[in-house]
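Protein chains in written order, with numbering that gives the first Met the number 0: chain A, 0 to 352; chain B, 0 to 352; chain C, 0 to 352.
Calculated directly from the structure, the hints in this document are not laboratory data.
Careful, some of the hints might be misleading.
Just so you know, same-sequence chains aren't split out, so a pair can sit in one copy or run between any two.
Claimed, not checked - Here are the simulated lysine to aspartate or glutamate pairs, EDC-like style, with alpha carbons at most 16 Å apart:
id : residue 1 : residue 2
1  : 49        : 212
2  : 246       : 35
3  : 246       : 285
4  : 198       : 209
5  : 302       : 166
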Amino acid sequence: MTQLLLSELCRRLTYSGFAARLEGEDRAIQGVNTLEDAREGEVTFLANPKYSSAVDKTKASAVILRNDFPVPKRVSALRCDDPYGAVTLAIVILHGHRRHPQWGLSERASIDESARIGTNPNIAGGVSIAADVTIGDNCTIYPGCYVGDGARIGSDCTLFPNVVIYDHCELGDRVTIHAGSVIGEDGLGYAPQGGKWMKIPQVGRAIIGDDVEIGANCAIDRATLGYTAVEAGTKFGNVVVIGHGTKVGPDCMFVGLVGVAGSANIGKHVTLAAGAGAVGHITVGDDVQVGATSCVMGNVEPKATLLGTPATDAMQAKRSLIAIQKLPEWIQRVRQLEKEVQSLREQLDSASS
Amino acid sequence: MTQLLLSELCRRLTYSGFAARLEGEDRAIQGVNTLEDAREGEVTFLANPKYSSAVDKTKASAVILRNDFPVPKRVSALRCDDPYGAVTLAIVILHGHRRHPQWGLSERASIDESARIGTNPNIAGGVSIAADVTIGDNCTIYPGCYVGDGARIGSDCTLFPNVVIYDHCELGDRVTIHAGSVIGEDGLGYAPQGGKWMKIPQVGRAIIGDDVEIGANCAIDRATLGYTAVEAGTKFGNVVVIGHGTKVGPDCMFVGLVGVAGSANIGKHVTLAAGAGAVGHITVGDDVQVGATSCVMGNVEPKATLLGTPATDAMQAKRSLIAIQKLPEWIQRVRQLEKEVQSLREQLDSASS
Amino acid sequence: MTQLLLSELCRRLTYSGFAARLEGEDRAIQGVNTLEDAREGEVTFLANPKYSSAVDKTKASAVILRNDFPVPKRVSALRCDDPYGAVTLAIVILHGHRRHPQWGLSERASIDESARIGTNPNIAGGVSIAADVTIGDNCTIYPGCYVGDGARIGSDCTLFPNVVIYDHCELGDRVTIHAGSVIGEDGLGYAPQGGKWMKIPQVGRAIIGDDVEIGANCAIDRATLGYTAVEAGTKFGNVVVIGHGTKVGPDCMFVGLVGVAGSANIGKHVTLAAGAGAVGHITVGDDVQVGATSCVMGNVEPKATLLGTPATDAMQAKRSLIAIQKLPEWIQRVRQLEKEVQSLREQLDSASS
C-alpha cells in the first residue's frame, strides 16, 4: 500500500482527465474505503446521492465528490465531476491491481509437449494443457484449470482456479476468467427422432475477444458450426450462460445470472441487468439496456430501454405494472359501472314505457 | 475430416431414413457449416424458414433443405423433408464426434485401491477416485474430476474436467457430463428450530440414467432419503439445478438456467425452455412444454403447453399478456365510460325531474 | 447403520425435546426412508398432510406423525407434534452425518510453507493452499480446492471438491461449502469511460460466518472496498450468487438459483425461495419471506411476505395475479359496457329529441 498527499492524488487525477480540486487540509492518505468503513488516513467517495447523509458520519480523512454536496469541516474534499471514475483511479493508484502468486512454469503442471507457451509464463501446479495449445506471453493460470486440444490463448490473460477451456476455443489478449467458468462446452444440440434426442456433434468453437472479463461459474457454449463470440471489452458477472452460436458484441455488460439462448445477435454496448435474458435467434441493437429479470423475446432496435417479460419499452412496462397493481380496484370500478348502467337502463325503460 | 461426393452423402442420408434427392451438380464436399460462414467445398442447411434469404448469399457448394425453397443456380441442393435431422447426420458423417485426448489409466490419477475400473479406461492425471467406486468400460474422465466413495459409473461415460460425483451416486451407461457439474451434493434440508436451521443429514443418493447428457455447471442434489433421479435419455443444458428427491422422467429436455425444486415428479419428454422452472412437491405430466422463464407452480396434465409465472395454458397466457400491454388503454376506456355514465345519469335525472 | 427398538428411538426423541409416544408394536428398525421407498425394518414420516394417503400403502415398519392422522394396523406409529424435527433427529441417530475419506495431510497437497494448518487436518491430494493462509483445526478439504493468499478458514470446516476461496477472504467455524462454489471472486466493478469499461480493482474481501452452509456452484463476490458478508447460520442452496459489498444477515435461507445484487443489506432470517432475487442498494428487514421467482426491487419492512416482480405484498400480488388471468374476460365486459352505454345514449338522445 502506498502513502500519498491529497494534493498529489489531486494532481494525478487531474493529469488523467478527472479534473479535481482540493478543498480543506492537505493530508496523507494510504487507502480508499467506503463511507461507512473508512478510517482516518483513508479517502472515501460519494457517487450515488442516495448515500449523501453518510458523508456527515464518515471517519475518512477525505471524500471525493461533486461540487454540489457539502462536507463536514473535519473532512477534506476532492471535488470533481466524475467521482466514480476518479475513485476508480484512486483505488488503482493507492491499492493497485491484484498480485498473483508466482509459479513460473510449475513442474507440477501437466503440459503436453506439443503446446507452445509464450515468455514469462505463470502457470501453477495442477494445471492441464493439452496437445497443440498456444498460450501467449505473461499469462497467469491458476491450479485446476484445463486448456483443451488446439485451444489458443492470447497474451496477458488470467485464468483463475478451475477454469475450463474446451478444445479449439480461442481467447484474445488481456482476457480474465474467474473461477469455475467454462468456455466452449457443447451446446444443447439434438435433433428430435421419434421421441428421442439424437446428438448433433458440436464442431464449432467459442471465441472470446480482447479485454473480456468473465465472472465465476459462467458457461459459454461452443457453436454447432462456426463459432460463438464474446467480442472485445465485454464484461460478464457470475453465472452468465451463453447459448451455441450466439454473438455478443463488444463492450457489453451482463450482470449475474444472465442467460442468452443460441443463435442470437447482441449488438455492442448492450446491458443485461441481473437475472435478465434473451431468447435465441433474435437481434438486439447497439446500446440496448434491459432491466433486471426481464427477458427479451424479439428483435430490439438500438438504444431501446426495456423492462418486463416479454421485455417491452421500459416506460410502457412501468405503466402496465402500475396498472396491474391497481387492477383489483379497476375491476371494482367496472363492476360499479355495470350496476350503474343496469340501473340507468331500468330507469330509462320504465320512463319510456 | 472426410471428403465426400454429394451423391454419396445423398445415398447415405437416404439409407439412414432421410430420403434425399440431389439437385444440381455433383460436387466434392469436406465439411458442414452455417449459411453465413460456409465456404466452397462445404454443405450448409436451411431448417428455419426465417433464414431463407441467406440461401441466396451463401458461399456453400450445396445446401440441405426442403422442396419448397429455391436455391441459386451455382449451389447444389439436397432436398429432403427433415433438413435438421439430415444435417445432423451429415455432421456426424463429415466431422464425427469429438475425439478425446488419450491418457489410458494415467499414473498421475489418484485412484483408491478398492476401486474397480473396467476395460479400456481413459482417465487423466488429476482425477481422484475414492474407495469402493465402480467404473464401467471405455470411460473417459478428464482432469480435476472427483468420484466419491461407493459411487457407480456405467460404461462409455464421459466426464469433462472438474465434474464432481458425490459418494454413493450412480450413473448409467453412455452418460456425458460437461465441465464443472456436480451430482449428488446435499439438498437444502434443514428443520427449523427456534429461528435456527438444524441440518438434516442427506443420506439418499442421486441416480442418472443411461444416455443422459448434462451441461456445464449444473447441480443435482442427492435425496434426503431414497434418491433423486434423472432418467434415461434426458438432456440438460448449462446451469440446470435439480432439488433433492425430485424425479425427472426419460427423454426430457431442460435448457439453460433451469431449476426444479425438491420432491417434484416430472414426466417423460417434458421440455423446460431457458430460464424456466418448477416448484417442489408437484407432478408434471408427460410431453408437457414450458416456455422460457415460466415457472410451473402446480400439477400439470400431460401434453399441456404452458407459459408465464405461475405457468398457465400458453394460449390463455398470451391473451393475458396482450391484455396487460393494453391495460393503460383499457383503463382510459373505463374512465371514459365513467364520465359517460355520469353524464347519462345527469341527463336522465334532469329529464325526469 | 445402527439398529434400534422403536421404544428406544421414542425415548431419545423425547429426551431431545420431541415428546413422542409409541402406538402399536415395538419393533427393531435400522433406517429412515420415504413413505414410498421404505421397507420393513425402516421408519418413515408424514410431515406434509398432502402425502397422508401414502401412509396406507407404505411398507415401513413405523411412521412418525402427528396425532390426527390414522395409520394402518400393521404399522407402528410414533406420535409427536413436530414430525419433521423428530425425523431429522431420527436420521441423525440411525444414519449419522456423512463420513469423509481420511487423507490426513496428504503429501500430494500443495501447501505453501507459510501457511498455518491447525491440528487434525484432513486435506486431500490436489488441494492448493497459497501463502499466509490460516486454517483451523479438524478441517476437511477435498481434492481440487484452492485457498488463496492470506485467506483464513476457521475450525471444523468442510470444503467439498473444487471449491475456490480467493485471496484474503475469511470463513468462520463449522462452515460447509459444496463442490464448485467460489468465494471472493471480483465483483462486476467498472467505471464507464467513453463507451468502454474501466476495471475498478476489487480490494475488499468476502467474509462467511460460523455455521454457514453453501450449496454447489455458488458465487459470492468480494467487495470493491470493505467486505461482502454472509452471517452466521445462513444456508444457501445451489447456484446462489451474491454481489459485491452485499451483507446477508444471520440464519437466512436462500434456495437455488437465487441472486442478490451488490450493496444490498439483507436482514436476519430472511427466506428467498427458488429463483428469487433482490436488486442492489436496498435494505430488506428481518424475517422477510420472498416467494419463488419473485424479485425484490425496493426496501422491505421486517416480517413482510412478498410475491411477484417487482415483489409486493403476497396477498395483494395473488389478487393481481387472479385479476390478470381474468383480464380477457373483464375486457369483454368493458366492451359490452361500451355498447350498452352507446345504446343508452342513443335511446336517451332520441327520447329527448
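Cross-check of the supplied hints:
Neither within a single protomer nor between protomers do residue 49 and residue 212 lie at most 16 Å apart by alpha-carbon distance, with minima of 29 Å and 33 Å respectively. Only between protomers do residue 246 and residue 35 lie at most 16 Å apart by alpha-carbon distance; the minimum there is 13 Å, versus 41 Å within a single protomer. In this assembly of identical chains, residue 246 and residue 285 lie within 16 Å of each other by CA distance solely inside one copy; the values are 13 Å within and 34 Å between copies. In this assembly of identical chains, residue 198 and residue 209 lie within 16 Å of each other by CA distance solely across copies; the values are 14 Å between and 32 Å within a copy.
For the homomeric pair residue 302 and residue 166, neither the shortest alpha-carbon distance inside one copy (36 Å) nor that between copies (39 Å) is at most 16 Å.
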